[in-house]
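Asker: Sequence:
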Amino acid sequence: VKLGKESIYTGNEITQEMPKIQWVSEKNTPIEIVMNDGTLKKGIAEPDINKVKESEVIQFFRFGFCRLDNDKNLKFYFTHR
Numbered sequence: 001v002k003l004g005k006e007s008i009y010t011g012n013e014i015t016q017e018m019p020k021i022q023w024v025s026e027k028n029t030p031i032e033i034v035m036n037d038g039t040l041k042k043g044i045a046e047p048d049i050n051k052v053k054e055s056e057v058i059q060f061f062r063f064g065f066c067r068l069d070n071d072k073n074l075k076f077y078f079t080h081r
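1 is the number of the first residue of the sequence shown in my numbering; add one for each residue after it.
No lab work stands behind these hints: they were computed from the structure. Heads up, the beta-carbon is just placed ideally off N, CA and C, and yes, glycines get one too. Check each hint, because a few of them may be wrong.
[Claimed, not checked] Derived SDA-like pairs: lysine to any residue, alpha-carbon spacing no greater than 20 angstroms straight-line: (1) K72 with I31; (2) K42 with V52; (3) K72 with I49; (4) K75 with E54; (5) K42 with N73; (6) K41 with N28; (7) K53 with K72; (8) K20 with E56; (9) K72 with V34; (10) K75 with E46; (11) K75 with Q59; (12) K72 with R62; (13) K27 with I49; (14) K41 with G11; (15) K51 with I21; (16) K72 with F60; (17) K41 with N12; (18) K75 with K20; (19) K53 with T29; (20) K51 with N36; (21) K20 with R81; (22) K41 with F78; (23) K41 with T15; (24) K42 with K75; (25) K41 with T10; (26) K41 with K5; (27) K5 with I21; (28) K75 with N36; (29) K41 with H80; (30) K27 with Y9; (31) K51 with G64; (32) K53 with L74; (33) K27 with K72; (34) K41 with S55.
[Stated by the list, open to error] Cβ pair distances, simulated, as ranges: (35) Y77 with G4: 42 to 50 angstroms; (36) D48 with T79: 16 to 24 angstroms; (37) E56 with G4: 40 to 48 angstroms; (38) I8 with D71: 43 to 51 angstroms.
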């Protein structure tokens, strides 16, 4: 992506509370993740998510590891960070 803007290097410090952007392609697939406390998080993933097999554990970057429970509706269960 070329924005045509100049930036200023501010250092290597990582600020945890700073919002992060995770890019996903324009073609994407809706997913659901059931958290350990039973809450439901909805998001989108790259289209290749459809290649994941039921019961397979995968890593969602900057989120954690999740197990695919149902490959028909792409429902995942959070396992750990």
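Asker: Could you run down the list of hints and mark each one as holding or not?
Answerer: Hint-by-hint comparison with the structure:
For the hint pairing K72 with I31, the CA-to-CA distance comes to about 11 angstroms; that is within 20 angstroms, so the pair holds. For the given pair, K42 sits about 17 angstroms from V52 by alpha-carbon distance, which is consistent with the 20 angstroms threshold. Of the supplied pair hints, the one linking K72 and I49 holds, its CA atoms being roughly 12 angstroms apart against a limit of 20 angstroms. At most 20 angstroms may separate the alpha-carbon atoms for a hinted pair to count; K75 and E54 meet this at roughly 10 angstroms.
Among the hinted pairs, K42 with N73 is consistent with the structure: their alpha-carbon atoms are about 12 angstroms apart, no more than 20 angstroms. For the hint pairing K41 with N28, the CA-to-CA distance comes to about 16 angstroms; that is within 20 angstroms, so the pair holds. For the given pair, K53 sits about 10 angstroms from K72 by alpha-carbon distance, which is consistent with the 20 angstroms threshold. For the hint linking K20 to E56, the alpha-carbon distance of about 27 angstroms lies beyond 20 angstroms, and the restraint is violated.
With a C-alpha separation of about 15 angstroms, the suggested pair K72 and V34 falls inside the 20 angstroms cut-off, and the hint holds. With a C-alpha separation of about 15 angstroms, the suggested pair K75 and E46 falls inside the 20 angstroms cut-off, and the hint holds. About 14 angstroms separates the Cα atoms of K75 and Q59, which keeps this hinted pair within 20 angstroms; it holds. For the given pair, K72 sits about 25 angstroms from R62 by alpha-carbon distance, which is inconsistent with the 20 angstroms threshold.
For the proposed pair K27 and I49, the alpha carbon gap of about 12 angstroms is at most 20 angstroms, so the pair holds. With a C-alpha separation of about 33 angstroms, the suggested pairing of K41 with G11 is violated against the 20 angstroms cut-off. A distance of roughly 24 angstroms separates the Cα atoms of K51 and I21; the hinted pair therefore is violated under the 20 angstroms criterion. At roughly 19 angstroms between alpha-carbon atoms, K72 and F60 fall within 20 angstroms of each other, so this suggested pair holds.
This hinted pair does not check out: K41 and N12 have alpha carbons roughly 31 angstroms apart, beyond 20 angstroms. For the suggested pair K75 and K20, the alpha carbons sit about 24 angstroms apart, so the restraint of at most 20 angstroms is broken. Between K53 and T29, the direct Cα distance comes to roughly 15 angstroms. Compliance with the 20 angstroms bound is thereby established for this hinted pair. For the hint pairing K51 with N36, the CA-to-CA distance comes to about 24 angstroms; that exceeds 20 angstroms, so the pair is violated.
The hinted pair formed by K20 and R81 meets the criterion: a straight-line CA distance of about 17 angstroms does not exceed 20 angstroms. As the CA atoms of K41 and F78 are separated by approximately 10 angstroms, the hinted pair is consistent with the 20 angstroms bound. Of the supplied pair hints, the one linking K41 and T15 is violated, its CA atoms being roughly 24 angstroms apart against a limit of 20 angstroms. Distance restraint check for K42 and K75: the Cα-Cα separation of roughly 9 angstroms lies within the 20 angstroms cut-off, and the hinted pair is therefore satisfied.
At most 20 angstroms may separate the alpha-carbon atoms for a hinted pair to count; K41 and T10 exceed this at roughly 33 angstroms. Our distance criterion of 20 angstroms between C-alpha atoms is broken by K41 and K5, whose separation comes to about 34 angstroms. Proximity of K5 to I21 is assessed by CA-CA distance (about 18 angstroms); at most 20 angstroms being required, the pair is judged to hold. Distance hint between K75 and N36 is fulfilled; the C-alpha atoms sit about 14 angstroms from each other, no more than 20 angstroms.
Only pairs whose Cα atoms come within 20 angstroms are accepted, and K41 paired with H80 is accepted, the gap being roughly 15 angstroms. With a C-alpha separation of about 32 angstroms, the suggested pair K27 and Y9 falls outside the 20 angstroms cut-off, and the hint is violated. For the proposed pair K51 and G64, the alpha carbon gap of about 19 angstroms is at most 20 angstroms, so the pair holds. Proposed proximity of K53 and L74 is supported: the alpha carbons are some 10 angstroms apart, at most 20 angstroms.
Distance check on the hinted pair: K27 and K72 sit about 18 angstroms apart at the alpha-carbon level, within 20 angstroms; holds. Between K41 and S55 the CA atoms are separated by roughly 19 angstroms; this keeps the pair inside 20 angstroms, and the hint holds. Range check, Y77 to G4: Cβ separation about 43 angstroms, and the 42 to 50 angstroms hint holds. One distance hint, 16 to 24 angstroms for the beta-carbon pair D48 and T79, holds here, with the actual separation near 20 angstroms.
Checked against the given bound of 40 to 48 angstroms, the beta carbons of E56 and G4, roughly 41 angstroms apart, stay inside it. For I8 and D71, the Cβ-Cβ distance of about 46 angstroms falls inside the hinted range of 43 to 51 angstroms, so the restraint holds.
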